[in-house]
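Protein sequences appear in the order of chains A and B. No gaps in the numbering here: position 224 of the first sequence is 250 in the working numbering, and each next residue is one more. No gaps in the numbering here: position 167 of the second sequence is 780 in the working numbering, and each next residue is one more.
Check each hint, because a few of them may be wrong.
The calculated DSSO-like cross-link candidates involving lysine-lysine, where the alpha carbons are at most 27 Å apart (straight line), are [claimed, not checked]: (1) A:Lys133 - A:Lys214; (2) A:Lys133 - A:Lys143; (3) A:Lys214 - A:Lys292; (4) B:Lys866 - A:Lys72; (5) B:Lys929 - B:Lys668; (6) B:Lys796 - B:Lys1017; (7) B:Lys796 - A:Lys72; (8) A:Lys72 - B:Lys755; (9) A:Lys192 - A:Lys292.
If you are wondering where the hints come from, they were derived from the structure by calculation, not from laboratory data.
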Amino acid sequence: MAIVTQSSKLGNVLWPTLAWVVALIFFFPIFWLVFTSFKTDADAVKPEFLFFFTPTLENYTNMTENYDYWRFAINSVITSTFATLFALAVGVPAAYAMAFDPSRRTKDILMWMLSTKMLPAAAVLYPMTFLTKNFLGIFDTHFLIILVLCLINLPIVIWMLFTYFKEIPKEIIEAGKMDGVSLWGEIKDILIPLAWGGIVSTALLTFIFCWNEAYWTVRLTTIDAATLSKLIEGNRAPEGLFFGRLAAVSTAAIAPIIILGWFCQKQLVQGLTFGAVK
Amino acid sequence: MKFSGTTALGLTLGIASASVAGAESLTIAIVNNGHMINMQSVAEAYTADTGIELKWVSLEEGVLREQVTSDTATGGGQYDVINIGMQEAPIWGAAGWIEPLNFGAEYDIDDMLPAMRNGLSYEGTLYAAPFYGESSMVMYRKDLTDAAGVTIVDNDSWDNVRAAAAAIHDPANGVYGVCLRGKPGWGDNMAFVTTVVNSFGGAWFDADMRPTLDSDEWKAAINFYVDLLGTYGPPGSEGNSFNEILALYNEGKCGMWIDATIAASFLTVDGVAYAQSPNAGNPVGANWLWAWAMAVPTGSPNSEAAHDFIEWATSKAYIQAVADHPDFGWGSVPTGTRASTYAHPEFQAVAGFAAAEMAAIESAAPEATDLKPYVGVQFAAIPEFPEVGTAVAQEIAAALSGAKSVDEALAAAQSAADAIMVEAGYY
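Based on the provided sequences and hints, a complete structural model is requested.
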């Protein structure tokens, strides 16, 4: 009995300590990034100034005055928001159909959708550039970026929603049908309220994926639709150590998503575990 | 009458404003190096005078190449002015992807360093104007070599360089004898490695453009490089390129660094001295030649205005404007492009590396020779080179890290390069 109590006390100390250590290791790059953003470029590369330095807002001033941060930020908000909304608008009915009215091919379709994520993006870079620029004339537009972000995240959206919807008893939907509820009513009045937590988790994760996407947003834009990913990418210098300004740009780019994640931790964990945590 | 820089700037801007009245804005793709960042501030005067809005698209070097390549190849007209390097300029000029450049008499093209002009031309026609240029040289800590009783001279022998590195190597006190690029990439480790191979009498290709990576010269050069950097370099050198070594050097951890001359303007440690790149007696030499240049892609809807902008941004007047700018000065002017820059006493006063840099650029030999049947010092000006260089770079880095022997790495490199050249239809 005494051994069990002692072991339990040890566990009470050990596991939280371990969790804190792991959390601090994961948090250190963010901490370093934020700290560096308040250093001059010269101080940013000197190890002796890791913790003790004279803070400056020079990098942030430079970022807003010379790099037009707000234009990139607004583009990120527009493209991520609309891509998420469109992905949900397509994903909810698709997942509903597959969860409550599956066919023999449903599993194959789900696997096929997931397999599209396995295509290397670089393989279609040239056709995408050529088609969007020379044929469709939509290169560097919000429409194109929203479309691309929506499509590349759609498989994940459908899979996540499908997983949530599968956990809703089929009988509830059938009861609604027997009461004469229309298809739209089933989705609006029964499905969405019951799966609201899952839909929010899916929306949050999709928004984060859209915000962080860098391959296509860098390559399919020039100025008009360029997002924060492009601003960060452009601040990497092959010859010169401009870590202070790069850190400021990166901090400003990730800050909105970190704040969003902070307030929505519960939903994010639920989303990341695909509904396994209830 | 004294023809001041301000007068020259005003005259150039006046000419520019008179001739480009039709364009409202220019989209300019640049890499985010220091001189390009400064240009965005200096160019506010250009906008004020011409009324042309300049839209800067700052891109990472690899992404810029990728995006500009796809844009020019598809005739997209996405950019009006693009930053390109010396490797691309003659190839893209020959392919018709960029427009030939012709400037007025005031531009004084004869002031442009001949090596730069030749390197950015194809069949005698200039296709890109150099914004800043560089060669490579030895940047060593004279306080350390003096204390160790060794000397490093211009075009020293590699044996002496190795001996000097051994003498100043003091890892217990955090000082490594030599810092060199080891990070894989055709513009990273292979830039330096190619110059070593050149100086050992080797070349990338023979007269039939067959790779010669399994030759005795390559084996000798790579064995020397791996031994030098492995023995006297900092740990983890296979992850170091320009920026990583610059940080190490400024922390006082490198006794010697052989790299781009532009690095000299970023060094903050005391006691740095310069010497021309080592050489094993080969006529090709071991100093490279590179320029970040500006070109007008074919298909630019504002071609005329783009030409005028380049004429201004690569002129003597622009250099004077940087020198006169309250945030910059002569220590920040773009170097390696014009002889007149090096003649300025104000520049000489603040740039202790000026004479060494100019000598390095002037002595670089990019021309094709019997020994090296292609244009370029640290690269070959052929479209396939980035692919070949990247494949070989991985093998050399593997040899440096000890994952493979030099012979194994070169055999694999030869095989990969051979496959690329066969597929490209060279033989």
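Each hint tested on the structure:
1. Of the supplied pair hints, the one linking Lys133 of chain A and Lys214 of chain A holds, its CA atoms being roughly 25 Å apart against a limit of 27 Å.
2. Restraint check: the Cα-Cα separation between Lys133 of chain A and Lys143 of chain A comes to about 16 Å, which is no more than 27 Å; the hinted pair holds.
3. The suggested pairing of Lys214 of chain A with Lys292 of chain A holds, with an alpha-carbon distance near 24 Å, which does not exceed 27 Å.
4. A hinted pair counts as satisfied when its Cα atoms are at most 27 Å apart, and Lys866 of chain B with Lys72 of chain A qualifies at roughly 12 Å.
5. Of the supplied pair hints, the one linking Lys929 of chain B and Lys668 of chain B holds, its CA atoms being roughly 23 Å apart against a limit of 27 Å.
6. As the CA atoms of Lys796 of chain B and Lys1017 of chain B are separated by approximately 15 Å, the hinted pair is consistent with the 27 Å bound.
7. With a CA separation close to 22 Å, the supplied pair Lys796 of chain B and Lys72 of chain A stays within the 27 Å bound.
8. The straight-line distance between the Cα atoms of Lys72 of chain A and Lys755 of chain B is roughly 22 Å, inside the 27 Å bound, and the hint therefore holds.
9. About 21 Å separates the Cα atoms of Lys192 of chain A and Lys292 of chain A, which keeps this hinted pair within 27 Å; it holds.
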